[in-house]
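Student: For reference, the chains in residue letters:
There are 2 protein chains.
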Amino acid sequence: MKLNQRGLLIVVSGPSGVGKGTVRKALFDIKNHNLVYSVSMTTRKPREGEIDGQDYYFVSKEEFLDGIKNDKFLEWAEFVGNYYGTPLDKIEAQLDQGKEVVLEIEVEGALQVRERMKDAVFIFIVPPGKQALYDRLKKRGTESEEIIKQRVEKADKEFLLAYKYDYIVVNDDVNNAADRIMAIIRAEHAKTERTIHNYIKMLEE
Amino acid sequence: MKLNQRGLLIVVSGPSGVGKGTVRKALFDIKNHNLVYSVSMTTRKPREGEIDGQDYYFVSKEEFLDGIKNDKFLEWAEFVGNYYGTPLDKIEAQLDQGKEVVLEIEVEGALQVRERMKDAVFIFIVPPGKQALYDRLKKRGTESEEIIKQRVEKADKEFLLAYKYDYIVVNDDVNNAADRIMAIIRAEHAKTERTIHNYIKMLEE
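Protein sequence lines, in the order shown, are assigned to chains A and B. For the first sequence, our numbering gives the first residue as 1, with consecutive numbering after it. For the second sequence, our numbering gives the first residue as 1, with consecutive numbering after it.
Honestly, the hints are just simulated from the structure, not real lab data. One or more hints might be untrue.
The list treats identical chains as one, so a pair stands whether inside a single copy or across any two.
BS3-like mimics (lysine-lysine), calculated; alpha carbons at most 30 Å apart, straight line [to be verified]:
| no. | residue 1 | residue 2 |
| --- | --- | --- |
| 1 | K45 | K157 |
| 2 | K164 | K201 |
| 3 | K2 | K31 |
| 4 | K164 | K2 |
| 5 | K139 | K157 |
| 6 | K2 | K154 |
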């Protein structure tokens, strides 16, 4: 029996290049999950193999700025010249349906969500060391030297923000990291502040 | 990679008759666990099938009171005329070895542990309803009518103490409850306050 019926908003974030997307995919590959993915909106160009509406909603800068003006984002950020944001509509409804909504977002955006969604769960994905992350960023090879340098500098700042998160999960093995996130979701559902209300109701029945 | 190397002290408690012992046994039946059980000391008579040094250390009242005087218990309680306590020696050493030490104790004792071990994890096992617990207490059939009545009254008071715990886990299905506790242990190891210190060290290496 699950005392907390409402879904959780799971914010998966971490320094640029840590492999947030890969961890998120491994998470969704776990059997019998109850997760839904909140697709972000971005103005950056699709990378090879990325599908509109699945990896991101790819929109123009004009469309994005219009969304900001109309308060349509749970969070948004400008990052290396592109905009990224989380459309608010659907998230609350999904949570009410008992779905766990997974947001995979940049650090800047995650801290905005923290302000607005006090009961969300914040998970910081970290590399097994700084060098591992630098290597990853260089290997990706889809961006220019200058953009890689910007990402490394950004990551170095982001490393220091771990303390603002509820959990720190090392991405040394992607399946391990995904399993640990799944354990965090199960554990969070049992937390006293999420369960005490229904527990008291259950006792009285 | 596990950022927190130290074991956790896991306090499994709950109202009298909720099935703490059964849940604890199911927990230890899960494969590849790293749990050790802290055997309690008691002055109560062994029930059928209970083994000294495994289920409890069965001691005389004199021995027990001596232990209290010499501060040898992490917690102790008098309960329906008998004493129950957790011997302090070994627990710290086991935690340092990275073992998860499981304490299955009464509510009164758990709240004493809370005072002394701020970083322990407190799990409150609850029945799927009050009636389920009353039925269990009656079915056990090892105690007299009077003792059952005392236990029911005690349980009714204990139900109200759930809010003092970190997690509430329903024992409607013993394996479900055990799995959830295992998820809590994994999640707790990833908590920022337990990992940030080693995370910073890891970054610098």
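Student: Tell me the hint numbers this structure goes against, listed in increasing order.
Tutor: Checked against the structure, no hint fails, so every one of them is satisfied.
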